[in-house]
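**Q** Please build the complete structure, drawing on both the sequences and the hints.
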Amino acid sequence: MNAKRIDKIARYAIQTMVAIVALILLALLSYILINGLPNASIDFIFKPSEAIKAGGGIRDQLFNSIYLLVLSMVISLPLALGAGIYLAEFAPNNWLTRLVKTLIEILSSLPSIVVGLFIYLLVVIKWQVGFSILSGAIALTVFNLPLLTSSIQNAFEAVDHKQLEAGLALGMSPWKTIKGVILPITVPSVVMAIILASGRIFGEAAALIYTSGQSAPRLDYGNLNPFSPTSPLNVMRPAETLAVHIWKLNTEGLTADSDAVSAAASAVLIIVVLLFNLMAHYLGNKLERKLTGKK
Amino acid sequence: MKAKAKNQLLKASKATKENVIGQVITFLCATIIVTLTLAIIFFVASRGIRAFVVDHISLGQFLTGSEWNPGTKNAQGQPIAGSLPMIIGSFGVTLLAALIATPFSLAIGIYMTEYASKRMRRLIQPMIELFTGVPSVVYGFTGLMVIVPITRKLFGGTGFGILPGALVLFVMILPTITSMVVDTLQRIPVSFRQAALALGATKWQSIYLIVLRASIPGILTAIIFGMARAFGEALAVQMVIGNSPLLPTNLVSPTATLTSQLTSQIGNTIMNSVENDALWALALVLLLMSLVFNLVAKWIGKRGELK
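Same order as they appear, the protein sequences are chains A and B. If you count the first sequence from 1, position 105 lands on 105 in this note's numbering, and the numbers rise without skipping. If you count the second sequence from 1, position 252 lands on 252 in this note's numbering, and the numbers rise without skipping.
Some clues are possibly wrong.
Okay, derived cross-link-like pairs now, DMTMM-like style, lysine to aspartate or glutamate, Cα gap no bigger than 25 Å in a straight line [claimed, not checked]:
id: 1; chain 1: B; residue 1: LYS73; chain 2: B; residue 2: GLU275
id: 2; chain 1: A; residue 1: LYS8; chain 2: B; residue 2: GLU114
id: 3; chain 1: A; residue 1: LYS101; chain 2: A; residue 2: GLU157
id: 4; chain 1: B; residue 1: LYS302; chain 2: A; residue 2: GLU105
id: 5; chain 1: B; residue 1: LYS203; chain 2: A; residue 2: GLU105
id: 6; chain 1: B; residue 1: LYS118; chain 2: A; residue 2: ASP7
It is worth saying that the hints were derived from the structure and are not from the lab.
**A** Structural data, given as structure tokens:
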């Protein structure tokens, strides 16, 4: 066989394989949406779930997912920002910094179930916090910190070093330059990193089944007293999230219409992740244009 | 008067103080992450080691035994905790998934960097990103609804087992490996390709002999990362593997992985009981494997740099 024929065959083989993957992914997406969307009515989203009877919704689970996402972001963003800035701007190039970077890499590659079990051991059992939003938010923070830190670190390292030098030459302290000059430049990439991390957090379940728990007590949305067990704001109540709900429906199988509910919940989950993705691109581009004056 | 002036001149300015405070605060943030990592390793290890030290599970039996029943004791008075089924299950799904995913990832990577038009690239890139973000329970649910019935029809039995687990993981790690492969291929300078074409090589020869050879370290790292993700994935696998800690007799017999055993059992055991400690020993294996994957990726990266 001559080289030209091999070239042609290789080209066709590659195109076929790409087509196969595209078909698999499209089939996956359409399977979830076609099976899920007919059941995912507005009513489904706003009515409480049922443990055994058919016809349950996902109201409380959806709220729990959003609440946990916000809480864990509130804890992890300042930490990740601080650590990212330290690693990008202040860290000296020595063995200690290399060790810190390696440990952060290790943390990011730990299975999320291990992170969940660690928080279960330490917070849920040792500190006797119990299955709660608080334990879940801590678990998600640990799960989220390493990746968010390294994206923020990358964002700061991507800024031209001349910006820092110019600031220093004007007599500003490094901290002032970072705060006043470099931080604003990184805003678009940091915002993108936050939104992508949010998508990851929203779909995470393995770290949550033994931290925020697998039960969703019915909430009273009129009750805003954060210490009442039926209040949505209470951080000490157990809280099943949307992703955990899908897992639980399929492993315990007590609910009569578990297939329909999980299909609909999966569709909602996919759409939320899709929205996060679109938002990240849109906001990232828009902020970059606005802050840097680029066209 | 003189003392006061001297003091004012030598005192650190407000900006200097702020600078020091800023450095200290950001350093503390980094320290917190480091402490967390060390704490996880320490706690999981100390719990896992308990199974061997306090409950006298023998390490040899733990690694080679094929019966998992830590609540009962064998003739020597040691708890029966053979984790071989879970270890084989975990490695089985991981290797199989990586084996299927790698050629497809390479094909997409090559297509994106060498063949695709700009418009196609703009279409595929966000697709890959989207599928990286799809939650694992959704993959698990789809696997349970679509793949398990198919394997049941084709091979009989329950349909649960290593094959559906590997197929679910294949779709899950495909975007992870692909996006890293694309990054690697893009980093190969255009001049390499131009040089090959100028010597009369066909496009495929330039890809196969030059571009792919030059990116071997990057491709290997991508596969390792994909495998690490597959090895640690819990819920998607747990939903389709069958969850019975038995040695797999074939690819469609119900078995368990380290992660599936942990997720389905740890809630049913009491802290400090033998059953619970044995499960923590599984978690320790999981932790150690994740460290190994990290080390291998680092080693490959270092070797790749030298060339």
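**Q** Between the alpha carbons of LYS203/B and GLU105/A, is the straight-line distance 25 Å or under?
**A** Violated, because 37 Å separates the two Cα atoms, which is more than 25 Å.
**Q** Is the straight-line distance between the alpha-carbon of LYS118/B and that of ASP7/A 25 Å or less?
**A** Since the Cα atoms of LYS118/B and ASP7/A sit roughly 21 Å apart, the hinted pair holds (cutoff 25 Å).
**Q** Quick one, are LYS101/A and GLU157/A close enough, alpha carbons at most 25 Å?
**A** Distance ~14 Å between LYS101/A and GLU157/A Cα, so the pair holds.
**Q** Quickly compare the C-alpha distance for LYS73/B and GLU275/B to 25 Å and report which way the hint goes.
**A** Holds, because 11 Å separates the two Cα atoms, which is no more than 25 Å.
**Q** Is the straight-line distance between the alpha-carbon of LYS8/A and that of GLU114/B 25 Å or less?
**A** holds (14 Å)
**Q** Check whether the Cα positions of LYS302/B and GLU105/A lie no farther apart than 25 Å.
**A** holds (15 Å)
Comparing the model with each numbered hint stated earlier shows that hint 5 is the single one that does not hold.
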